[in-house]
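Produce the entire structure from the sequences given, and follow the hints as far as they go.
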Amino acid sequence: MALIELIEVRKSYRLGELVVPVLKGVSLQVEQGELVSLMGASGSGKSTLMNILGCLDRPTSGQYWLDGREISQLSADQRAMLRNSKLGFVFQNFNLLPRTSALDNVAMPLSYGEANLSESEARQRAQEMLALVGLQDRVHHEPNQLSGGQQQRVAIARSLVNRPQVLLADEPTGNLDSKTSEDILSLFQKLNQEGGITIILVTHDPMVARHGRRTIHIHDGLVVEGAYAAEGDAARREPSPEATL
Amino acid sequence: MNTLRTTATALKALRRNPMRALLTTLGIVIGVGAVIAMMEIGSGSSAALQDAISSMGANVLMIQPGTASSGGISFGAGSVTTLTPGDAEALAKQCPALRGVAPEVRARTQVVYGNRNWVPSWMTGTTPVYLEVANWSMAEGDFFTERDVLAANKVCVLGQTVVRELFQGESPIGKEIRVKNVSFRVVGMLASKGANMMGMDQDDILLAPWTTLKYRVTGSTLTTANQSAAASTASGADTSGAINTLSKIYPGQASLYPERSAAQLANNPMPVRFENIDRMMAAAKDAASVPAAIDQITSVLRERHRIRPGDPADFNIRDMTEMTKTLASTSNLMTNLLLSVAMISLLVGGVGIMNIMLVSVTERTREIGLRMAVGARGRDILRQFLVEAVLLCLLGGAMGIIFGHGGSKLVQAVLGWPVATSPGAIAASVLVAASVGIVFGFYPAWRASRLDPIDALRYE
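Going line by line, the protein sequences match chains A and B.
All residue numbers for the first sequence refer to the numbering used here, where the first residue is 1 and numbers rise by one.
All residue numbers for the second sequence refer to the numbering used here, where the first residue is 1001 and numbers rise by one.
The set of hints was computed from the structure by calculation and includes no laboratory data.
Predicted model, so just to flag it, every value in this text is computed and none were measured.
Do not rely on the hints blindly, as some may be mistaken.
Unchecked claim - Cβ pair distances, simulated, as ranges:
#, chain 1, residue 1, chain 2, residue 2, range
1, A, G148, B, E1460, 12 to 20 Å
2, B, T1421, A, G148, 37 to 45 Å
3, B, E1363, A, D67, 31 to 39 Å
Note that CB positions come from ideal geometry on N, CA and C, so glycine has one too.
Here it is as structure tokens:
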């Protein structure tokens, strides 16, 4: 069974009298351990899809199966728990806490978890994650003392600290130059290959999307051209040349 | 998310903007500081006020002889002569709640100096302790001494009104005045005290050793004291000569009463003590110990007078209940007034906290969104902001206590106002500061917890 499965997901917003449909019946599957790019022009509904995938929003109708559980109708608190334990977020603008050390930034999600780690365990875990993204010598730097690429690495470390199954990256390279972008994207690939983390890369840039082994195109609220589970499996077993970059 | 970690998170959040945290707490600092300073200065002033009211006689007890009655007819207060100077000494020694006991012998007669004369409202024979008991002080000269009392020396101390009437601006010290043909040397002049609560001029007074007044001037009890002047003028030199001879040096040698036959003595044993006094004035240590003082006086006097349990006492004690009540209500009024002013400043401080917390929530919308995205629930956010507000308030409260206490000490040092440290006020203001944090921090925290994570993450 696929790790993520959307079945006929629809989402519409109400603007006064007017009902604006944004997602018009999206169905897709993502297997455990995939690195998928989600592409679409702005206004195509990819952000809305991203929010639904990230359990930040609920679909108007349709089903969302995550790790064998139907979660489209969970309450806000239940979704918060899910986000904490199963999902990691990487944002375009990093969203680090200002004037807070990298270590504290990374350890932050731990304080909302059920695991209830002790202070020293939490620091230990955060340090491991920073080492994983190659920032073991920047532990006590604050965001404004770090470069853009380093900030995004801190953000990635933060998203990994709860050992999620899925990493959702929303335009992770949007604020970075091309060289740094490459570094970040190869970090994603490394995490995917070595850690087996499922990564969904949301972007509008085909150059970025190429780093995924499979691309799902969203156009006008629908998946227009996508790969299905079989192709995805094939891609995973035989890494494409780009993926090794 | 446990409380400890929430507190640590809140502290980190506050440390990100220490200047603002400081300015935000300023309202609470000033509020709590004002409470502490006002409570301390207020309770100091209140204590000073109590002293002042005490000096008006709130803690003074009047001990008077009881009532004689015969065949159902009462003769009124003071109609038996049961109190002695010995009683006064015993009370002073045996009652720890008393500051002093002064015996009083009263008279009312004419005082003459040169070609002027005057009848003081009070002419009181007493001991030197009177000055302390009545909370009085000297304006000029000295009070008479214990030695003067023992020797029944013909010395006296005058009140300002008497001095004005007799001396007209001259200094009275060392002058001789005549009280019913007995010559007294004026040794001192009392400070002005003004009218008492009944509107009677307290400066219209002559004080002398009780022995002098009793044995050289009146030789009578209170019941006859008021008539003594009239009697002496009515019956002329005859009566006065019989009782007050200028040559009498020491009391007790001349018989004051006509000799009675043995039959008369057997038929009518008169309860007369030659060493009786008209009343005693006792001062309790403070207004609060008045009830204790009354108990102690009652037990000592009953024992000395050999009154069996259950029998009526041969004396009565009067306190200034009205004054004590005034005292209590005055200090209550002051405390409440100060408290209400202080509450207003705390309220203003609380509004300041709410204002800044609202700004902070708006400013940190993205942070809230992020925290929600990584798994914070609404109540986690609510708790975090609430804890921040309470921490701010407690921090402000702590600084306020330091500043307020320092301020009141400064006032004490510079202006010399009386100050009393009040642990109750400190505890109360910590409590109030925390409640202000909760009350005024709740709305911003609730707003933060209700944010939609998607909108919050996009907020610019």
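So, going through the hints one by one against the coordinates:
| no. | hint | in the structure |
| --- | --- | --- |
| 1 | A:G148 x B:E1460: 12 to 20 Å | 18 Å, holds |
| 2 | B:T1421 x A:G148: 37 to 45 Å | 57 Å, violated |
| 3 | B:E1363 x A:D67: 31 to 39 Å | 36 Å, holds |
Checked against the numbered hints above, the structure breaks only hint 2 and satisfies the rest.
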